[in-house]
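First to last, the sequence lines map onto chains A and B. Counting from 3, one number per residue, gives the positions in the first sequence under my numbering. Counting from 3, one number per residue, gives the positions in the second sequence under my numbering.
What the hints contain is simulated information worked out from the structure, not anything from laboratory work. Don't take each hint at face value.
Copies of the same chain look alike in the list, so a pair counts if it works inside one copy or between any two.
Claimed, not checked - Below, in silico cross-link-like pairs of lysine to any residue (SDA-like), each with a Cα-Cα straight-line distance of 25 angstroms or less:
(1) 130 with 508
(2) 305 with 60
(3) 130 with 337
(4) 130 with 437
(5) 130 with 176
(6) 130 with 322
(7) 305 with 510
(8) 304 with 62
(9) 304 with 60
(10) 403 with 43
(11) 305 with 62
(12) 403 with 351
Since the structure is predicted, the reported quantities are computational estimates derived from the model, not experimental observations.
There are 2 protein chains.
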Amino acid sequence: MILGFSTHKILPDRPRVNRQLLDQTQFPLLASLQTCANRRDAPFYTPGHKHGAGTPDGLRTLLGMPALQADLPELPDLDNLFAPQGVIQEAQELAAAAFGAEQTWFLTNGSTGGILAAILATCHPGDKIILARNMHQSAISGLVLAGAMPVFLQPEYDPQLDIAHSITPEAVTEALSAHPDARAVMMVSPTYYGVCGNVAAIAQRCHQYSIPLLVDEAHGSHFAFHPDLPTPALAAGADLSVQSIHKTLSALTQAAMLHVQGDRIERDRLTRTLALVQSTSPNYLLLASLDAARHQMATQGKKLLEQTLSLARQASAEIAQIPGLSLLTPDQAKTPGFTALDPTRLTVTVAGLGIDGFRADEILHNQFGVICELASLQHLTFIITPGNQATDIHRLVCALKSLPSPFSPSPSLLPPLSSLLSPLPSPLPPLSPRQAFCAPTETLPIAQATGHISTELICPYPPGIPVLMPGEVVTEAAIAYLQQVLAAGGIISGCSDPGLQTLKVVRM
Amino acid sequence: MILGFSTHKILPDRPRVNRQLLDQTQFPLLASLQTCANRRDAPFYTPGHKHGAGTPDGLRTLLGMPALQADLPELPDLDNLFAPQGVIQEAQELAAAAFGAEQTWFLTNGSTGGILAAILATCHPGDKIILARNMHQSAISGLVLAGAMPVFLQPEYDPQLDIAHSITPEAVTEALSAHPDARAVMMVSPTYYGVCGNVAAIAQRCHQYSIPLLVDEAHGSHFAFHPDLPTPALAAGADLSVQSIHKTLSALTQAAMLHVQGDRIERDRLTRTLALVQSTSPNYLLLASLDAARHQMATQGKKLLEQTLSLARQASAEIAQIPGLSLLTPDQAKTPGFTALDPTRLTVTVAGLGIDGFRADEILHNQFGVICELASLQHLTFIITPGNQATDIHRLVCALKSLPSPFSPSPSLLPPLSSLLSPLPSPLPPLSPRQAFCAPTETLPIAQATGHISTELICPYPPGIPVLMPGEVVTEAAIAYLQQVLAAGGIISGCSDPGLQTLKVVRM
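Chain A with its partners taken away, still in its complex shape (with noise of 0.2 angstroms):
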């Protein structure tokens, strides 16, 4: 039988693991996996492909039998990973002691079931929580399912390169001081652009009010594995990190990791949470490459992080070099919201070239067959990992280097950001997001949307910060900005109507 609701009466009891003796050598989950998956049995057990037997060829062609084979459910030698006893336990332990935390939980579904089951662990409906204007959008269905009240804080914001950063000690204070009673405050660092916040600050601040700092920290799951790298969140003080390990490391997309230390995360509720937001059949490959990649990190991290950090910073010194293109650079980490930059990611700005991001995305890809992860009017960036070569980035030279001379037309400008953000913090919405999610909705003109309150999430690309949320007040400033983005050829997310002729709001 499989297990799933009856892991006590299988698995053999454990004992506790000994930090001490934990061997990084071993990949308990992985190995077991890979016994199972070489194991001849008679399945009669889900999934119904049973080994790849029943899988049709095109699918057994993209996957291969390997992966086919190891597509296992929860058998005996498994564990369970909503009660782990076995070798999910010891592979998290694994984890936890690798990554510098106390406790470790693997997640299947992405960092979104982390950032979604940490505000579900800290706040009841209602409670306040602090959190950076620039989160994830998986933190704003959180608070959604939370019921939670956000106090918005915006995020640093540099005008000249269009970039958000991070939120700051100081707005914190200042929150924190204006709405003791909140829960738990919650920060993502490193940015998309690899711009890590003052983590230690802010955690020192959210401990003296007795409240939990949750740390979005996404794209920073490599930090941990070199001394050149920033500071994890959870080594700066933070209490809560949630890390997607297939961005940085050699996990499977979608494969993440919730990371606990100390007691102001009540760790069996947060437990409780994470089994009400993943499958309960969770993908045994996802599950494995966790624990392979931290075998990976913890017996070799600093020997590859080295020679990313090498090519990283080879591509960095030719790129300078290259006439009407600029980096993002670590001696930029002066501010109070910029403290360090992850150098394995490349910001690289075209602008001076006189096309716009989206444009020099193109040449790059359809042209060079360079992709990069995300483009903007005015950058690009690139994420360099342990899985890129030296031709990698030779091809990423010359692909930069072949892009129009400066000679062209200036693309357009954006508007100021800076006139649209608000005082620190931010007043309190009339309704929280989940009001807002939950009301009865009407779709208006834009022109008449001003004064009703918004059930969209609208986010203009750059810089990546929400000008609307879904409870707030639409206002006519809101409106002209993103107007002003789109004439500028920026992108906006999160509208039901992406050309912004119309918007969702409550109706009154």
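Once you have looked at the hints, place chain B on chain A.
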């Protein structure tokens, strides 16, 4: 760049697919992923392993390079799950046509994600929903997230087999008449044992009240593809069904679909609630496996399922000849809560041998490598799919024949559940599941828990009907029953203390 928040910028406008022109021999998503996997671009995007180049040896052996090369993010050619306009849209439209839906959504967080979203899309906070008490735990998670108030219906219960079937049309009629303000009815069909309820009659009752019927059809995704299988929920009139395509068809574990027809489900809202509970970094191996499973069934499902049915019939016939064993058979399908049986799901009663199902499972597993899906005190349940071969059936029959002869001592008998089955419909609990989940808790010795409000979902197997739900009052009868189940060797899931010495209740 990768997509996610910027689809409309990159993808060319595509005309809506013409249903008449749908070509089920195509697999647009799988084909596009294969093309991208074959490309040798210079990857500066996630995932960090970069086509497997950074994958450590152990994981590379487990998965093989093909799967790693296909583990890709939302590249422009791969569309965006949350705003599909390209190959995902096409693949979903093909799936809708094949599964008999008007619209289909691909899910990467399992059927769990679909059940959560379905409840969130139909129930606002405080709304009533009528649902079977033997729903999957994800439905209770959905109640917690939505803040809905459950009107629980006891499923039909077979005391001889100690198995819970479906809810009955009569029970639904009574509940609707007592709670005409309910927003939806939700049921599970087929059950884990392959037992189907009278979806058609229940749908009709729902539609008289203009509310939708939501069906957890996790175990019935193959029904649409062979006339000898039970009628699919949609064909019987359900408004929404959720199917674990990985359970009986050939998708990867954790890949599922949600289907909708008619206008009783607000589809925009459903799209938004699905985005709340699913990773924003969806795994494309899972998504492509859904496209492949649909293609396989649409093009050769009838032939493949004919073979599967033939294997299942052969197994049934041979098992029925084994002294001491009996089978759940379609001719038992003649009660309001048991109108059809999935013939590919074999539930074998071993109680006649004088051993319990757990012991029989151990023997089959350890001595014969024959692994069932589910073991309970009296039964073993086996899932037969197009992935099974004749040799599997041979091994199954041989293994069952070798079980100890019927002269061993009788297994313990379970107490009759009937005493606990409350009248239909159950009274509303004092707290909603959300209120109980969010309330401050205390852990009490079981003897002192009577009269308190449970925060736990306590479910004995068999028969898999929860005895206590979060928000319900703990009764002496419930505790006595649970203790009898444990004493008889049954399994109780959901308790924070598996030995049931203590219970977590709402602090008074």
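So, going through the hints one by one against the coordinates:
For the identical chains of this complex, residue 130 and residue 508 are neighbours both inside a copy (22 angstroms) and across copies (22 angstroms), given an alpha-carbon limit of 25 angstroms. In the homo-oligomer, the alpha carbons of residue 305 and residue 60 lie at most 25 angstroms apart only across protomers (18 angstroms), although the nearest pairing inside one protomer, at 38 angstroms, exceeds that limit. When the C-alpha separation of residue 130 and residue 337 is checked against a cutoff of 25 angstroms, the pair qualifies neither within a copy, at 28 angstroms, nor between copies, at 52 angstroms. In this assembly of identical chains, the alpha carbons of residue 130 and residue 437 lie at most 25 angstroms apart whether taken from the same copy (14 angstroms) or from different copies (18 angstroms).
In this homomeric assembly, residue 130 and residue 176 come within 25 angstroms of each other (Cα to Cα) only inside a single copy, at 15 angstroms, whereas the closest approach across copies is 42 angstroms. When the C-alpha separation of residue 130 and residue 322 is checked against a cutoff of 25 angstroms, the pair qualifies neither within a copy, at 45 angstroms, nor between copies, at 62 angstroms. Within a single copy, residue 305 and residue 510 get their C-alpha atoms no closer than 60 angstroms, and across copies no closer than 56 angstroms, so neither meets the 25 angstroms cut-off. When the C-alpha separation of residue 304 and residue 62 is checked against a cutoff of 25 angstroms, the pair qualifies only between copies, where the shortest distance is 20 angstroms, while the shortest distance within a copy is 36 angstroms.
For the identical chains of this complex, residue 304 and residue 60 are inter-copy neighbours only, at 19 angstroms across copies versus 39 angstroms inside a copy, given an alpha-carbon limit of 25 angstroms. Proximity of residue 403 to residue 43 under the C-alpha cut-off of 25 angstroms is restricted to the inter-copy arrangement: shortest distance 17 angstroms between copies versus 56 angstroms within a copy. In this assembly of identical chains, the alpha carbons of residue 305 and residue 62 lie at most 25 angstroms apart only when taken from different copies (19 angstroms versus 35 angstroms within one copy). In the homo-oligomer, the alpha carbons of residue 403 and residue 351 lie at most 25 angstroms apart inside one protomer (13 angstroms), although the nearest pairing across protomers, at 72 angstroms, exceeds that limit.
Consistency note: the structure conflicts with the earlier hints numbered 3, 6 and 7.
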